[in-house]
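These protein sequences, in sequence, are chains A and B.
According to the working numbering, the first sequence holds residues 1 to 512 in order.
According to the working numbering, the second sequence holds residues 1 to 160 in order.
Simulated from the structure, these hints should not be mistaken for laboratory data.
Misleading hints may appear alongside valid ones.
As the list claims (entries may be wrong) - Not close to chain B: a few residues of chain A, all C-beta gaps over 10 Å, as computed:
no., residue
1, E13
2, S166
3, I415
4, L452
Said to hold, decoys possible - Some chain A residues close to chain B (C-beta under 8 Å, calculated; not the full set):
no., residue
5, L245
6, Y406
7, T409
Where a beta carbon is used, it is the ideal one built from N, C-alpha and C, also for glycine.
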Amino acid sequence: MDALNALFAGLGEFMTPMGVFHVAWATLLGILVGSLPGLTATMGVALLTTLTYTLDRDSAILVLICMYVGAIYGGSRSAILLNIPGTPASAATSLDGFPLAQRGQAGYAMALATAGSALGTLVGILLLVLLAPALAAIALDFGSFEFFWLAVFGIVISGQLTGGVSPLKGYIAGLLGLMVAMVGSEGIHAHVRFNLGFDQLNGGIGLIPAMVGAFGFAEVLTVMWRRKAELSTEELKEDRVLPKLSDLWRYKITIGRSGIIGTLVGIIPGVGEDIGAWASYAAAKRSSKEKDQFGNGSYEGLTAAETGNSAVVPGALIPALTLAVPGSAPAAVLIAALFIHGVRPGPMIMFEEPTFIYSVAAMLILATIAIAVYGLSLTRLFILVLRIPRELLMPVVFTLCVIGPYALTQRIFDIWVMVAFGLIGFVLRQMNYPMAPLVLGIILGDLLDKSLRRGLTLSNGSLEPFFTRPISLIFVVIIALSIVLSMPVTRRAVSKVIGTRSGAGDVEGPKP
Amino acid sequence: MRFDTPAADRVTAAALFALGAAMSWGGFVMDRLEIRQIHPASIPGLVPMILGAAMMLCALLLALSTRGQTAPDTAPQGNWSDFAFAGVWSCVFALLLVGTLPFAAAAAIYTFVFAGWFTWQPAEGPARNAKQLIFIAVFAIAVAAGIAALFRYGFLVRLP
Chain A
1 MDALNALFAG LGEFMTPMGV FHVAWATLLG ILVGSLPGLT ATMGVALLTT LTYTLDRDSA
61 ILVLICMYVG AIYGGSRSAI LLNIPGTPAS AATSLDGFPL AQRGQAGYAM ALATAGSALG
121 TLVGILLLVL LAPALAAIAL DFGSFEFFWL AVFGIVISGQ LTGGVSPLKG YIAGLLGLMV
181 AMVGSEGIHA HVRFNLGFDQ LNGGIGLIPA MVGAFGFAEV LTVMWRRKAE LSTEELKEDR
241 VLPKLSDLWR YKITIGRSGI IGTLVGIIPG VGEDIGAWAS YAAAKRSSKE KDQFGNGSYE
301 GLTAAETGNS AVVPGALIPA LTLAVPGSAP AAVLIAALFI HGVRPGPMIM FEEPTFIYSV
361 AAMLILATIA IAVYGLSLTR LFILVLRIPR ELLMPVVFTL CVIGPYALTQ RIFDIWVMVA
421 FGLIGFVLRQ MNYPMAPLVL GIILGDLLDK SLRRGLTLSN GSLEPFFTRP ISLIFVVIIA
481 LSIVLSMPVT RRAVSKVIGT RSGAGDVEGP KP
Chain B
1 MRFDTPAADR VTAAALFALG AAMSWGGFVM DRLEIRQIHP ASIPGLVPMI LGAAMMLCAL
61 LLALSTRGQT APDTAPQGNW SDFAFAGVWS CVFALLLVGT LPFAAAAAIY TFVFAGWFTW
121 QPAEGPARNA KQLIFIAVFA IAVAAGIAAL FRYGFLVRLP
């Protein structure tokens, strides 16, 4: 009951004219960012963070959450109309969305995507309100030993699930992120490491310049490298832009299941919306009565993918708020933004800011209402937005990439960092290295470093508590199992067993 | 040109191995702060040494994983000339123009050249070309002025 009261109090707090104005513009901007191929949710949140310095704390976080929700939803536009996911989160959406657009049902596909996204976010919000306080309470028992394993767990799982066919590349990306985090003054003795003679590196490499580079500049380069996309001409046919309630009712189990899967995927550190969508899509296909329709314009497949990716957003905020460990790349930027605005995410959040989680849930509800309103009323506007030429859009994006990180510290050096990460990010993407573990590594590097050394100091150099404390032991077992299961020999054996049990026809996973 | 080939993975593996070795060595020779009498288990170089070793191991596994693999036979999907211009010109803007020229001027030049390079169609006749140039110039000035004004007056940032 207290939770419900806090949630309504949060809603009331933001239902001011200024609050509604922030929800309106930030969600619309998020949808536009998400719908344009090459502009991702992470990039949108990172760039918008640099524009929220002067806003008050709650308004800034409201704006960033609206951008996040809007961008993940907006990715479905180009996935349906162009067969190019606006964000990686919408890759599964294009499997059924684009065939529907080719049949002249683009409007209805977008309506279903809107309904799926809104319902998925609502399922995620419910689980956020239920699980986050409980997780924060459990996290209070975490010591240095558990936090060390939590950081390792995040890198291993994120690397494995986002590495596509080669988890090894995911692990390498995670290690690179951890190495980046080793640069600068360390957190226990304030000793400066690996500054290579640059005084500017004494404070370490800033997360925002690195993220803007890896997700902004690298995206600009990737967009200019790709061939131009052709807009489907079929989408302009008149068709229904409101979802049928009968369809939504028919897929109620799919929606509920996809919402839960998406939220749970979101809770896993550094995994993100694309895996949430693929996992939900695969689960829907396995249990569907119309399996043969999947990939050919299935309403159920489209709904599952969109519900799954949107439910990841609240899910990703659960560990972000309670453990300061991001569930996705945009959530990593949100953590940085929370620190900038004076909120300290982590196990103490329920003591220091007991109503903050409910305020975040209220922000998510408002963003969900906004995407439902925009999605069902501005379908044709979004089609027009997709016609903006990349040659005009990309210089604007890059100019923001340059000035955004500079605005935070007013150091030209941060622009250099952004450029370096952009170039490295582009090359790594070309080589099929996932970006999420890299970002997670940068975020978790400090936690891993301090926790290991503090733990060893507490145990007087003994490794025993790292393996014998109950929560540590659980982490160790999961990490070991994950690594063993990611080995090619084990994977071949497991897929052989699964293949003989379930026969053919599973879903193709995310491309690396 | 493509980067997702076994040969590229082998070169990357060598570079990553060198990076891991350098970080391990850097961690090993790092000041152990004995003068401050810190606990030996909390030396600043401990985690870099471990990370370097882990990276060397992953680099070895990466190199081993390329054995028997062949390069994809499909042609690369991208347009490298567009990429090269966008990359080089963006770097020139970020690393040279910003800080040398006032930000608004640098941004206007960058946007004008970027948009002009990709949209310019010389075969369309002088009248149409002039119209196109004016459009791009107005667009570039509007973008530069808008972004500069937003940060300078909206967020009170002292622009470079």
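So, going through the hints one by one against the coordinates:
Interface exclusion of E13 (chain A) from chain B stands, the closest Cβ pair being 24 Å apart, more than 10 Å. The beta carbon of S166 (chain A) sits about 7 Å from the closest Cβ of chain B, which is not more than 10 Å, so the claim that it is off the interface is violated. Interface exclusion of I415 (chain A) from chain B breaks down, the closest Cβ pair being 5 Å apart, not more than 10 Å. For L452 (chain A), the non-interface assignment is contradicted: its Cβ lies about 6 Å from the closest Cβ of chain B, within the 10 Å cut-off.
The criterion of a C-beta within 8 Å of any C-beta in chain B is not met by L245 (chain A), whose closest approach is roughly 42 Å, and the hint is violated. For the restraint placing Y406 (chain A) at the interface with chain B, the shortest Cβ-Cβ distance is roughly 6 Å, inside the 8 Å limit, so the hint holds. Evaluation of the T409 (chain A) hint against chain B yields a violated restraint, the C-beta minimum of about 10 Å exceeding 8 Å.
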